[in-house]
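J.: Below, each chain spelled out in residue letters.
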Amino acid sequence: MPRKAAFSRVFVRHYGAIVRFVERRVDDPELARDIAGECFEIAWRKFDVDAPFGVAWLFRTARNLTGNAYRRRTRDSAMSEELHRGSVRVTADDGLRECDDAMDLARALATLSWSDQEILQLAYWDDLGAEEIADVLGITAGTARTRLSRARNRLRDALEAPQPAHPKVRSAS
Amino acid sequence: MTWSDERIARAFRAADPARTPIDAGARPDAEPVRDRIMRRSADAPASSARPRIRTRLVAPLLAAAALVVVLVLALPFGVPTAHARTPAALRYVAVDATVDEVIGEAVRLLTRGVTRDHSERGSVSLGWYMDATVGNDTDRVVITPHRLRVAWNQDLSGEVTTTAGIPYFGGATGPAPDLPPAAIAPGTLLARQTYGPGEYRARVSSPPGDTADDMRALLSSYGAEPGAGALQTIAVLGSIFSDWTLSDVQQAALLDVLSTEPGLSVAGQTVDRSGRSVTALRAVSASSPYAVYLLLSRTTGRIVGSEDVLREAVSDPDLPEGAVTAYTLWDVDEEGRMP
Numbered sequence: 385m386p387r388k389a390a391f392s393r394v395f396v397r398h399y400g401a402i403v404r405f406v407e408r409r410v411d412d413p414e415l416a417r418d419i420a421g422e423c424f425e426i427a428w429r430k431f432d433v434d435a436p437f438g439v440a441w442l443f444r445t446a447r448n449l450t451g452n453a454y455r456r457r458t459r460d461s462a463m464s465e466e467l468h469r470g471s472v473r474v475t476a477d478d479g480l481r482e483c484d485d486a487m488d489l490a491r492a493l494a495t496l497s498w499s500d501q502e503i504l505q506l507a508y509w510d511d512l513g514a515e516e517i518a519d520v521l522g523i524t525a526g527t528a529r530t531r532l533s534r535a536r537n538r539l540r541d542a543l544e545a546p547q548p549a550h551p552k553v554r555s556a557s
Numbered sequence: 004m005t006w007s008d009e010r011i012a013r014a015f016r017a018a019d020p021a022r023t024p025i026d027a028g029a030r031p032d033a034e035p036v037r038d039r040i041m042r043r044s045a046d047a048p049a050s051s052a053r054p055r056i057r058t059r060l061v062a063p064l065l066a067a068a069a070l071v072v073v074l075v076l077a078l079p080f081g082v083p084t085a086h087a088r089t090p091a092a093l094r095y096v097a098v099d100a101t102v103d104e105v106i107g108e109a110v111r112l113l114t115r116g117v118t119r120d121h122s123e124r125g126s127v128s129l130g131w132y133m134d135a136t137v138g139n140d141t142d143r144v145v146i147t148p149h150r151l152r153v154a155w156n157q158d159l160s161g162e163v164t165t166t167a168g169i170p171y172f173g174g175a176t177g178p179a180p181d182l183p184p185a186a187i188a189p190g191t192l193l194a195r196q197t198y199g200p201g202e203y204r205a206r207v208s209s210p211p212g213d214t215a216d217d218m219r220a221l222l223s224s225y226g227a228e229p230g231a232g233a234l235q236t237i238a239v240l241g242s243i244f245s246d247w248t249l250s251d252v253q254q255a256a257l258l259d260v261l262s263t264e265p266g267l268s269v270a271g272q273t274v275d276r277s278g279r280s281v282t283a284l285r286a287v288s289a290s291s292p293y294a295v296y297l298l299l300s301r302t303t304g305r306i307v308g309s310e311d312v313l314r315e316a317v318s319d320p321d322l323p324e325g326a327v328t329a330y331t332l333w334d335v336d337e338e339g340r341m342p
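From first to last, the protein sequence lines stand for chains A and B. Numbering of the first sequence is given in my numbering, commencing with residue 385 and proceeding in unit increments. Numbering of the second sequence is given in my numbering, commencing with residue 4 and proceeding in unit increments.
Don't read these hints as lab results, they were simulated from the structure. Quick caveat, the model's predicted, so the values are computed rather than measured. Among the hints, a few may not be true.
Unchecked claim - For each label pair, taking beta carbons as the anchor points, the in silico distance ranges come out as:
{"#": "1", "chain 1": "B", "residue 1": "THR302", "chain 2": "A", "residue 2": "GLU414", "range": "31 to 39 angstroms"}
{"#": "2", "chain 1": "A", "residue 1": "PRO386", "chain 2": "B", "residue 2": "THR101", "range": "44 to 52 angstroms"}
{"#": "3", "chain 1": "A", "residue 1": "GLU414", "chain 2": "B", "residue 2": "ASN156", "range": "28 to 36 angstroms"}
{"#": "4", "chain 1": "A", "residue 1": "GLY522", "chain 2": "B", "residue 2": "GLN196", "range": "23 to 31 angstroms"}
{"#": "5", "chain 1": "A", "residue 1": "ASN537", "chain 2": "B", "residue 2": "ARG30", "range": "36 to 44 angstroms"}
{"#": "6", "chain 1": "A", "residue 1": "LYS388", "chain 2": "B", "residue 2": "SER209", "range": "42 to 50 angstroms"}
{"#": "7", "chain 1": "B", "residue 1": "THR191", "chain 2": "A", "residue 2": "ASP541", "range": "19 to 27 angstroms"}
{"#": "8", "chain 1": "A", "residue 1": "ALA525", "chain 2": "B", "residue 2": "GLU228", "range": "18 to 26 angstroms"}
{"#": "9", "chain 1": "A", "residue 1": "ASP541", "chain 2": "B", "residue 2": "GLN196", "range": "21 to 29 angstroms"}
{"#": "10", "chain 1": "A", "residue 1": "GLU414", "chain 2": "B", "residue 2": "GLN157", "range": "27 to 35 angstroms"}
{"#": "11", "chain 1": "B", "residue 1": "GLU123", "chain 2": "A", "residue 2": "ASN537", "range": "44 to 52 angstroms"}
What the hints assert, rightly or not - Restricting the straight-line Cα-Cα distance to at most 20 angstroms, the calculated cross-link-like pairs of lysine to any residue (SDA-like) are:
{"#": "12", "chain 1": "A", "residue 1": "LYS430", "chain 2": "B", "residue 2": "ASP38"}
{"#": "13", "chain 1": "A", "residue 1": "LYS430", "chain 2": "A", "residue 2": "PHE391"}
{"#": "14", "chain 1": "A", "residue 1": "LYS430", "chain 2": "B", "residue 2": "VAL36"}
Built from N, CA and C at the ideal position, the CB exists for glycine as well.
Given only the sequences and the hints, what does the whole structure look like? Please build it.
T.: Structure, rendered in structure tokens:
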């Protein structure tokens, strides 16, 4: 397959996921598209049709490109900012309970360590398996599984801990 | 109720801040993006793209155009207007003055240097920006301004705290006696972020100079090159003013530079949301649906605020022309009021 056609297939398949990955870690959608674009520019320059890289390589590159902003913004991410503003985004299919759960989740996540938050986000938001997470983070798959399991347990503990009273969102529809 | 794996997964989905469709790469509008990537990087060295991103990092409030659909804290008594979702727009009284005259007067006040004679790392501001809309037009929305305090040091350590300001109902210009009972209490700490040495990423870490050339260099460092236009320049001011509180002389030089940018007009005089008498300059760009109002204190000449206002109605979310989608006030005290 010609190089351009092979790269186009990679782009079509993963561009949306990479933009979404960055969007979750920076609060400027235009910047997110820029970073995703730069990620694919690097991918295109390195692209070898005979040895195509996996999706984890793209995530890892996008993660490196966001650099320190990644860590800073994730802690103060769009979700937590919305939480702080008393709102969380819900999709049209989401109901009230999901919205309240999302707020509880944001609060619980905020109590976890940075590394726990990151691995949970990679698993749930970016839909990566343990081996892909390992590739992104530069750890072994076994370590990724262990860390993910521990992070899930800590998240569940935080979710089930007594929560301070907070205003619940009310559906408008 | 316990948190099952499925419930946790659902909560993550509901809280996902990503907006781009997962199949964005397959959509027609992605084709030019892909083609540009392949074309642009054909001969470029691997490090060439980063400066472009840095520039875009301070992309103007155009990003605010991405008014996302979210569910917000809504209260059950209604004023059925779209304006109830946003603060009331300031009303400007026309003045018979040109941009040069307005800026000239501000510069005259600033060159007295009575308010601030040196720049300072960090800032205190009071702001709000549109982050939400509601599916039910009969709901009133609580506007909760945020007080943002940025403090950082030469070694790039620092702290950023966000606390809740005094809430008020959408449609009003500011706090009123009928404070929403369910609103976040003023002074509530919403976020605190600390930075160890080297972690705070100010784009300019040494105090800027006082001349127009120094201000051009400062603007450029934050993403507004000469000729970028008044709207882009004012948008960049917001980033600069987050990192730095500039001296009067520096603000005068900044206004001189701004006066040369296209897209600027005089909006008029008004009283800002902190009760200060201001003259407003209005900046527009053909590529943006927003107008930005820059508020200059009539007492000190300092830049004390900016407001983003829709120039045309939008349908999703349903907002009328003239809706305020963001504002920021500077030179406010720790309580978020005028010192």
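J.: Against each hint, give a clear statement of whether it holds in the structure.
T.: So, going through the hints one by one against the coordinates:
At about 36 angstroms, the beta-carbon gap between THR302 of chain B and GLU414 of chain A stays in the expected band of 31 to 39 angstroms. As the Cβ distance of PRO386 of chain A to THR101 of chain B is approximately 60 angstroms, the hint placing it in 44 to 52 angstroms is violated. Evaluation of the 28 to 36 angstroms hint for GLU414 of chain A and ASN156 of chain B yields a pass: the beta carbon distance comes to about 30 angstroms. Roughly 25 angstroms separates the CB atoms of GLY522 of chain A and GLN196 of chain B, a value that falls within the hinted 23 to 31 angstroms.
For the pair ASN537 of chain A and ARG30 of chain B, the supplied restraint of 36 to 44 angstroms holds, since their beta-carbon distance comes to about 39 angstroms. The supplied range of 42 to 50 angstroms is met by LYS388 of chain A and SER209 of chain B, whose beta-carbon atoms lie about 46 angstroms from each other. Restraint check, THR191 of chain B to ASP541 of chain A: a C-beta distance of roughly 25 angstroms satisfies the suggested window 19 to 27 angstroms. For the pair ALA525 of chain A and GLU228 of chain B, the beta carbons lie near 47 angstroms from each other, so the given range of 18 to 26 angstroms is not met.
The hint said 21 to 29 angstroms for the Cβ distance between ASP541 of chain A and GLN196 of chain B, and at roughly 24 angstroms that hint holds. A hinted range of 27 to 35 angstroms holds for the C-beta pair GLU414 of chain A and GLN157 of chain B, which are about 31 angstroms apart. Between GLU123 of chain B and ASN537 of chain A the CB atoms are about 45 angstroms apart, so this pair conforms to the stated range of 44 to 52 angstroms. Proximity of LYS430 of chain A to ASP38 of chain B is assessed by CA-CA distance (about 16 angstroms); at most 20 angstroms being required, the pair is judged to hold.
A distance of roughly 10 angstroms separates the Cα atoms of LYS430 of chain A and PHE391 of chain A; the hinted pair therefore holds under the 20 angstroms criterion. At roughly 18 angstroms between alpha-carbon atoms, LYS430 of chain A and VAL36 of chain B fall within 20 angstroms of each other, so this suggested pair holds.
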